[in-house]
Amino acid sequence: MAAPIASISDAFRADGSASYKCPVTGYRVLAAVNAPVELPARKGALKPQEATVEVSIRPGKLSPSVVEKSAESILRRMLASVILRRHAGYPRRGVVITLAVVEGEPVGRSGTYLPLMPALLHSSLLALMSAAVPLSCTFMTLFFAVTRSDEIVRDPTPAAIKDAESLHVISFSSTGRTLLDLVDGPCDLDIWATIHQQAKDIYQGAAVPGPDGDISMDEESNNAPGDIIRETVEDRLRRDYRWEFETL
Amino acid sequence: MNDRRRVNGPAEGTRRPVFACHVDTASAPTRPQRQREPKAFRKIALETGLTRSASGSSYIEVQPSPPPASYNSLIPHSSSLKLACSVHGPKPLPRSAAFSPNLVLTTHVKYATFATRKRRAHVRDASERDLGVHLETALRGAIIADRWPKSGIDVTVTILEAEDDRWWADAPDSHDASWGMMNVLAGCITAASAALADAHIDCLDLVTGGMAALVSDDENPDAPPKLVLDVDPSEHRSIVAACVVGYMPGRDEITQLWLKGDSSNAVLEDGDKRTVHEALIDGAVTAAKSVHAVLAEVVRESILAAGQ
Amino acid sequence: MDSLVQNANPKLQLTPTQFAAIEPNAYILSQLSQRPSSNGVPTRANAREQFEFRDMTVTVGGFTHANGSSTVRIGDTSVVCGIVAEQIYTSEVPSWDVSQASVSANKRRRLASSGKTLLDNDEETDQAYDNEESRHIEDRCLLVPNVTMNTGCTPGYVPGAPPSEDEQSISNNLLGLLRSTRMIQAEDLRIWYQPPNLDAGESDSSNETQLPELKAFWVLHIDIMVMSYGGNIFDAAWTALVAALRHVTIPYAWWDVDKEIVLCSDDASKAHKLSLREMPTSCWFSVFEPQPRPASQDEVARGSLGDGWWIFADPDGYEESVCEENVWCVVSKDKNGKTRVYRAQNVGGSTVDSEVMHNLLQISAKKWEDMKSIIDEVVATGSPRAVAWKGKSYSA
Chain E
1 MAAPIASISD AFRADGSASY KCPVTGYRVL AAVNAPVELP ARKGALKPQE
51 ATVEVSIRPG KLSPSVVEKS AESILRRMLA SVILRRHAGY PRRGVVITLA
101 VVEGEPVGRS GTYLPLMPAL LHSSLLALMS AAVPLSCTFM TLFFAVTRSD
151 EIVRDPTPAA IKDAESLHVI SFSSTGRTLL DLVDGPCDLD IWATIHQQAK
201 DIYQGAAVPG PDGDISMDEE SNNAPGDIIR ETVEDRLRRD YRWEFETL
Chain A
1 MNDRRRVNGP AEGTRRPVFA CHVDTASAPT RPQRQREPKA FRKIALETGL
51 TRSASGSSYI EVQPSPPPAS YNSLIPHSSS LKLACSVHGP KPLPRSAAFS
101 PNLVLTTHVK YATFATRKRR AHVRDASERD LGVHLETALR GAIIADRWPK
151 SGIDVTVTIL EAEDDRWWAD APDSHDASWG MMNVLAGCIT AASAALADAH
201 IDCLDLVTGG MAALVSDDEN PDAPPKLVLD VDPSEHRSIV AACVVGYMPG
251 RDEITQLWLK GDSSNAVLED GDKRTVHEAL IDGAVTAAKS VHAVLAEVVR
301 ESILAAGQ
Chain S
1 MDSLVQNANP KLQLTPTQFA AIEPNAYILS QLSQRPSSNG VPTRANAREQ
51 FEFRDMTVTV GGFTHANGSS TVRIGDTSVV CGIVAEQIYT SEVPSWDVSQ
101 ASVSANKRRR LASSGKTLLD NDEETDQAYD NEESRHIEDR CLLVPNVTMN
151 TGCTPGYVPG APPSEDEQSI SNNLLGLLRS TRMIQAEDLR IWYQPPNLDA
201 GESDSSNETQ LPELKAFWVL HIDIMVMSYG GNIFDAAWTA LVAALRHVTI
251 PYAWWDVDKE IVLCSDDASK AHKLSLREMP TSCWFSVFEP QPRPASQDEV
301 ARGSLGDGWW IFADPDGYEE SVCEENVWCV VSKDKNGKTR VYRAQNVGGS
351 TVDSEVMHNL LQISAKKWED MKSIIDEVVA TGSPRAVAWK GKSYSA
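Heads up: the protein sequence lines correspond to chains E, A and S, in order.
Just so you know, full-length UniProt numbering puts 5 at position 5 of the first sequence, and the rest follows in order with no gaps.
Just so you know, full-length UniProt numbering puts 30 at position 30 of the second sequence, and the rest follows in order with no gaps.
Just so you know, full-length UniProt numbering puts 204 at position 204 of the third sequence, and the rest follows in order with no gaps.
Hints in this document: simulated from the structure, not taken from any laboratory.
The C-beta atom is built at its ideal place from N, Cα and C for all residues, glycine as well.
All clues given are correct.
Result set (DSBU-like, lysine-lysine): computed pairs, CA atoms no more than 30 angstroms apart in a straight line:
hint, chain 1, residue 1, chain 2, residue 2
1, S, K333, S, K390
2, S, K335, E, K162
3, A, K118, S, K270
4, E, K200, S, K338
5, E, K200, S, K366
6, A, K91, E, K47
7, S, K372, S, K390
8, E, K47, A, K150
9, S, K333, E, K200
10, S, K107, E, K162
If we take Cβ atoms under 8 angstroms as the criterion, some of the chain A residues that face chain E in the derived model are:
hint, residue
11, R4
12, R5
13, R6
14, V7
Which chain E residues stay away from chain S? Per the calculated CB distances, all over 12 angstroms, these:
hint, residue
15, S7
16, V96
17, P106
18, E151
19, V233
20, R236
21, W243
22, F245
Put together the whole structure using the sequences plus the hints.
As structure tokens, then:
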């Protein structure tokens, strides 16, 4: 399986930014985060005790429509549960996340945004870290499809997505909890349970924090999407702090 | 056409179904006849307090005129008024608003898309804004606005089913106007008044909507038009003129008056000394008085029920 | 938490309503801990048990100009749904060509010659036919659901303003569900023309009738208006949509060759109802966490799930405003009693794991059985009559 391609802090104008490409589905997402910012237009809706999270999706070539709204609402609530919105300096302010889908099959009128979810979520996470927004945890997202013959496919190709009966997206936090669980399409409850068991196994094989809180650095054992997050951040840090590392 | 904040239909647009009996004149149905006396009303159902999330609300429904025996067509025989009204407030004005020593009244009237024979658009059109302005005028005269300085109140009316403008099988002709709107306005005023009472907004009186019209059913164009109250436009061949009032019986005061149609050449029946306008307004006031009895009863009941 | 009430300065006594408005989290928690119901189960601020759904009333019909309509009341929430059927001609679709309906045209002819109707034949689901089904409904935009909340149902939605993000999201979810459940069969929305067999006299032996031509589609404009806002709008909207779809009557329509238009018959006996493949039920749950979310990494490290959490089925508006995590399930059961999941969504927090989710899906499946019988009953009773359902509590 080809590994996803990600980079971090490419844009200069935004507080934080990232790009993430999922090679299997072909989706590439650019994420930009501005936080904390004042939101004068939303004065009435701002909460005094915490930050307001705003997410907007710009679909590649199409003009934005109703289709993006459900996905935006899912992303907003998911990311709001990860961001420490009560952190000093954040209450009464906004965390504005803009996600541009720059490559990949556009989502049609009654289409589903589930295939884009891993790319959208991972790019937002990277951009949030790039903007140094305080987070309670990081997360990884898994994507499955169930074919007409009830076969479970992990990371399906666009063709497989088109033919699939149901699509599943599951996110686990670095603390081992389920952050997001989405199903679209008819699916037997037993298969649903099987997928969740599989997802748990992949997750547990991927990132098991050791007793000291560190994550074991075994390169060969897995190809979980959680790794790409860590590797991208490490690469960037290595690049940015090269002067320091070299003088050591 | 393409609204990016809504789910859109086909880009090519859609057509209303054409019924064969419209095209085929041989099997054309017959026009319904008014069964009631000229001064008699259709039954009205009025209820308050249905929208719990609002400070005050009401729902009004007019019983449709009964279909002729053995009517078994998919084309609805008649339309009847169904509308819901909700009141929010008094509430503080937004900070950006200018100071107002009085209660600021805002009214909105919107048809549901399925309220009329021809599907309505989602966006408000001119007739809906028109109704909103008429309703505002009617209510403003009744509300004691200086009791709530720096406050606002929103009155929203949703029309779930509106009266027909003319009989569905009639060809469009010179007598066409949006006559159905007159009935709708009368209903809006009555419903809004009930909702204001439900929200405990101080008013001078329960302002009530009443409607009357001059209709000519006769084939002979010289026959004098008749004055009828509570008109169902589909039951008449043509309507010469119509009038809606917002009326407060307690003070014998009209807060809003809307006359429509060409009544300059109309002649009343023999022995009637009034001008046509006076006759129409008198008729509408009579209608409002009758509706007021229903409105007062409903408001009294809801207050008694709340007291228990 | 409840010390706020007891130890407060006597001059500053708060009524329960004020307390509920100022400290909603503490109020709900105090209700949960103070008011166990008769069988010892914690009770919510609205006197319901955790998995207790509200009373519901469903009415079909009542709106003259809609082909199908319904009214649903769930507690303080009430919605009205009206469906209007209009037409679109294939000749007006720029990209249309006959091959786009070849599979269904062939199938139609085959069935006509065998004397069966297309709708009887539910078992036969070739993939090509299926694909054409969904392509017709989706590419031609035959289903147009929209939700309107700015009817004055709540002060948050300004009348006359464009649809808010919530409304757009609900409309899109309705559309997505109509797609993924494939409830509506494209055949119900097609208007065919059977060209006369001109050389029928000479070649009876061929036994081959001409292929029918697809001339037009019905488009269903589905409009849902929220008349009163009391939380859980989606469940009410979906129930109203399903009931209204069951109530839809589509007139018999044919292609008039001379006038080149589609004509409809106003004869009610010739009209048809939609034959729905599925009738899934939607259930929303809110997850209540009394503790505020952590404010720093230190607090996260200390852990803050200590105070526990509760799930509220069918949340009302007050509960929705307090809860951040939501679970949404859309399920039905097949003929063998197996639960099928159409939509599941758990987002906004980290308390619900796959086990809890599994339980909620099973609760939703139980609710489905009740919902199905209500809607069957209300459709059977016909002209405007309300069917009431007493809210009840479920367990997985």
